[in-house]
Amino acid sequence: MEHLFNIIQTAIAEGMPGLTLVDEDYGQLQTNEETYPVTFPCVLIGVQGIDWQTITDDYQRGTATIVTKLCIDCYDDTHYTSGTADKVSERIGQFKQLHDIVRLLESDNATPLERTSSRWYSLPGAIKVYESTYECMIDEEPA
8 MEHLFNIIQT AIAEGMPGLT LVDEDYGQLQ TNEETYPVTF PCVLIGVQGI DWQTITDDYQ
68 RGTATIVTKL CIDCYDDTHY TSGTADKVSE RIGQFKQLHD IVRLLESDNA TPLERTSSRW
128 YSLPGAIKVY ESTYECMIDE EPA
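Numbered by the numbering used here, the letters in the sequence shown go through residues 8 to 150 in order.
A few of these clues could be false.
[What the hints assert, rightly or not] When the alpha-carbon atoms are kept at most 27 Å apart in a straight line, the in silico DSS-like pairs for lysine-lysine are as follows: (1) Lys-103 to Lys-76; (2) Lys-94 to Lys-76; (3) Lys-76 to Lys-135; (4) Lys-103 to Lys-135; (5) Lys-135 to Lys-94.
Worth flagging that the hints you see were computed from the coordinates, not collected in a lab.
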């Protein structure tokens with residue numbers, strides 16, 4: 008699994024050089040502090056889980072669920088007459104760019120990632136999160 012994570016992280020970092028951080032999601036957005044322990048814009052990558060099936064005594068194949076979060080600080084006023092309404096389009100464009108990078112990834116031990124859901128939500132401090140959930144089949148990596 009670590010090989011697939013590294014492929015995802017590297018592809019995002021190289022494909023979106025404007026990001027300030029591409030990291031594993033270990034709860035950085037769940038904080039009671041007034042500031043987040045990340046810089047924006049960033050992408051956080053989390054493995055929600057893997058459902059394993061035994062194929063033979065020494066081989067397993069799993070369905071991995073992977074979540075990407077594009078996190079952006081939204082300090083621009085984006086109402087229709089603000090003059091900066093295009094900032095929303097820019098954010099959505101980044102979200103589409105992230106999806107294009109992830110869906111085209113190739114790995115020797117995993118099928119392409121297929122998006123199963125997306126959602127957008129806001130966090131305190133004018134942070135917008137564009138989240139996508141992906142699934143892929145992954146072969147057990149040798150020790």
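For each hint, the structure was consulted:
Pair hint Lys-103 plus Lys-76 holds up; C-alpha atoms about 12 Å apart against a cutoff of 27 Å. Restraint check: the Cα-Cα separation between Lys-94 and Lys-76 comes to about 18 Å, which is no more than 27 Å; the hinted pair holds. At roughly 10 Å between alpha-carbon atoms, Lys-76 and Lys-135 fall within 27 Å of each other, so this suggested pair holds. Straight-line distance between C-alpha atoms of Lys-103 and Lys-135 comes to about 15 Å, which keeps the hinted pair within the 27 Å bound.
Distance hint between Lys-135 and Lys-94 is fulfilled; the C-alpha atoms sit about 12 Å from each other, no more than 27 Å.
Figure legend: structure checked against the earlier numbered hints; every hint is met.
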